[in-house]
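Novice: Given chain A, work out where chain B with the ligand should sit, using these hints.
Chains as they are written, first to last, in this note's numbering: chain A, 1 to 448; chain B, 449 to 675.
Read the hints as simulated data drawn from the structure, not as lab findings.
As the structure is a prediction and not an experimental result, all values here were calculated from the model.
Do not take every clue at face value.
[Claimed, not checked] Here are the simulated lysine-lysine pairs, DSSO-like style, with alpha carbons at most 30 Å apart:
id	chain 1	residue 1	chain 2	residue 2
1	A	K363	A	K377
2	A	K393	A	K47
3	B	K629	A	K159
4	B	K559	A	K196
5	A	K196	A	K159
6	B	K484	A	K196
7	A	K377	A	K348
8	A	K393	A	K341
9	A	K250	B	K484
10	A	K159	B	K656
11	B	K559	B	K629
12	A	K196	B	K656
13	A	K72	A	K393
14	A	K443	A	K250
15	A	K159	A	K250
16	A	K393	A	K45
17	A	K348	A	K45
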Amino acid sequence: MSSHDENGIPFTTPRQSATFTADVNSDIRRAAATGIYDIRGGGAKRKVPNFDDLLFMGASISRYPLEGYREKCETSVTIGGLHASNPIELDIPITIAGMSFGALSGPAKEALGRGASAAGTSTTTGDGGMTPEERGHSTKLVYQYLPSRYGMNPDDIRKADAIEIVVGQGAKPGGGGMLLGQKISDRVAEMRNLPKGIDQRSACRHPDWTGPDDLEIKILELREITGWRVPIYVKVAGARPYYDVTLAVKAGADAVVLDGMQGGTAATQDVFIEHVGQPTLAIIRPAVQALQDLGMHRKVQLILSGGIRSGADVAKAMALGADAVAIGSAALIALGDNDPKWESEYNKIGSTAGAYDDWHEGKDPAGITTQDPELMKRFDPIEGGRRLRNYLKVMTLEAQTIARACGKNHMHNLEPEDLVALTMEAAAMAQVPLSGTNWWPGKSGSNF
Amino acid sequence: MQTFDLEAQGLRELNSTLHAQVKETNQTSWEVINPKGSHAIAVGLDAPIEVNIKGSTGYYCGGMNKQATINVLGSAGPGTAENMMSGKIVIDGDASQYAGATGHGGLLVIKGNASSRCGISMKGINIVVHGNIGHMSAFMAQSGNLVVCGDAGDALGDSCYEARLFVRGSVKSLGADCEEKEMRPEHLEILKELLAEADSDAKPEEFKRYGSARNLYNFDVDNAAAY
Ligand SMILES: Cc1cc2nc3c(=O)[nH]c(=O)nc-3n(C[C@H](O)[C@H](O)[C@H](O)COP(=O)(O)O)c2cc1C
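Bound conformation, chain A alone:
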């Protein structure tokens, strides 16, 4: 590039805009070319304050640790003991979040069931109903009750170990689902009572109830249908956690699933994923506060999801008051989603390993988020199940390592007092002291 013009006058250095970045410009060009908003899977990719901004302090003179491998650190959790005669007993506090058959292939659902069962935890159905693959391989299966009610039927409800009424998802609070025509195979179409090959819009609101008073009656109906045996969860997006949790508990939920904005989805508008909802870190304390104000903390379980990746994340979520966590994206990665071994194939469809999120197109090189029989063959559900089990075990061991170092003989004994924050934002959201201080923004008694 020349630095002067023909008269010797220097060019100014070309400067890229911080507002019109390469990403932004490619979005504009894509919109101009297609006339449709960008749809994709996954969760928010922007950076938001998260669990990496928190640290555990560990034991010291004033707190003594437990001996690794020798002194027990319990990880079990019971969900739904409040109203259900058969609550769910999990060996580990990490569950598999609801992911729809349709978004995922049958073998992928099977692998989730295999891995979760081997690790002593539950899986969850999704928008698209219950498949025999998943029911058959999940010792504990949570059946989602969604606005679309695709495949909803009383026989499957009676086969479920718990019911999860989905009000919202962290990736798209207030939004419905989207399954584009390419993925509507004969089997998916039949389970959803819809023609093959059309775009399916899942409703954003339940067809037969609105608001907390109706929800209470809906919960009553589901309990009557299932004889008050199984727990009823309510899943809400991280929108207004204090009020949503309060209303869910008042409506009679046994457990609340709370999903932050980093939470994955099978497909929705990118603008939704990136601009609606609150970060997972920001929603825990208001939710726990709501439970405490109602005298229901630890009686109604709080299951947190949205960007949980490691045992450290699990321990931090639990220290802030969650009873358990749920994972979606991380489970898919454990199965082999976005694996660099498929890099050349990702390149062919304009992506790269780690960034691939066009799951709705059904062309997943890893054969997980697809209904294409050829691509599905690449995925072995037995091997996938084994990998997921390993990953769940590692997360549990990591979380136990931290809990022991903090002197806790049960994961549930972790507490906010064990944590400090690295940033002001994280300190304010988690309501734990900024590292090196005894203060956080908004702490009562401080005059910030």
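Specialist: Quick look at chain B with the ligand alone, frame taken from chain A:
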């Protein structure tokens, strides 16, 4: 005939007694007295029994019904027959919002009027309303037949899929992507059967048929205003 006093014996007892009836039960005829608008009456039934409810019901009466025949000798609250799979539910009076929502099968008959969102997201159920229906009925209706002997309110069949909508009277307005369709002999045949089963003396020829124009089935920027 077994008589069950809902007020005295309670909802849990009622539903668990009805759930205990299996296919071969000889207690095929039940009468429920004092329903007094209670919610979730006779939900999740799965046996070929007949339940007569003497009075009006609250939310979700007959929800997820399979096989059973349920007669409400009064009016029904919101979501009656929601997600019904099979069997028959007859409401003598009026039905509130979302009657027959997401139903997969069976027949719901409403002798009076039905409120808004009747047949919302229906997935195979047949619904016959002797009177009128409210706005947004058959919203996102996927399959099955909705027969209205009276008039339909605003936005009938908005974003509907393959459900067939038959209206004898006026339609205040059609929803997005819903249009009037040709009435073919097979449709008259469906109507004839449903009207007979629902005890209506309306004539099939008096109805018009509505359904999806199928323009919104796959996204097209030129239809963006309809979304
Ligand atoms: C492929 C995929 C499909 C999903 N399908 C559903 C669904 O059908 N119903 C639902 O409530 N949530 C669904 N979710 C959201 C998850 O239940 C969960 O909230 C989210 O994945 C948690 O965040 P994480 O992915 O960061 O772990 C889906 C997520 C993914 C990644």
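Novice: Is the hinted pair K393/A and K47/A satisfied, with a Cα-Cα distance of at most 30 Å?
Specialist: Holds - the C-alpha atoms of K47/A and K393/A are around 28 Å apart, at most 30 Å.
Novice: Straight-line Cα separation of K393/A and K45/A no greater than 30 Å?
Specialist: Holds, at about 27 Å.
Novice: K377/A and K348/A: Cα distance at most 30 Å?
Specialist: 19 Å, holds
Novice: Are the Cα atoms of K250/A and K484/B separated by 30 Å or less?
Specialist: 24 Å, holds
Novice: Quick one, are K159/A and K656/B close enough, alpha carbons at most 30 Å?
Specialist: 42 Å, violated
Novice: Just to be careful, I want the Cα atoms of K393/A and K341/A compared with a cutoff of 30 Å; is the pair within it?
Specialist: Given pair K393/A, K341/A holds - Cα atoms ~24 Å apart, limit 30 Å.
Novice: Run the distance test for K559/B versus K629/B: straight-line Cα separation, threshold 30 Å.
Specialist: 26 Å, holds
Novice: Holds or violated: are the alpha carbons of K72/A and K393/A at most 30 Å from each other?
Specialist: 16 Å, holds
Novice: Does K196/A lie within 30 Å of K484/B when you go C-alpha to C-alpha?
Specialist: 45 Å, violated
Novice: Would the pair K629/B and K159/A pass a check requiring their Cα atoms to be no farther apart than 30 Å?
Specialist: Answer violated: K629/B to K159/A is near 41 Å, above 30 Å.
Novice: Within 30 Å, alpha carbon to alpha carbon, are K363/A and K377/A?
Specialist: The given pair, whose Cα atoms are some 13 Å apart, holds under the 30 Å limit.
Novice: Check whether the Cα positions of K443/A and K250/A lie no farther apart than 30 Å.
Specialist: 28 Å, holds
When held up to the earlier numbered hints, the structure conflicts with 3, 4, 6 and 10 and fits the remainder.
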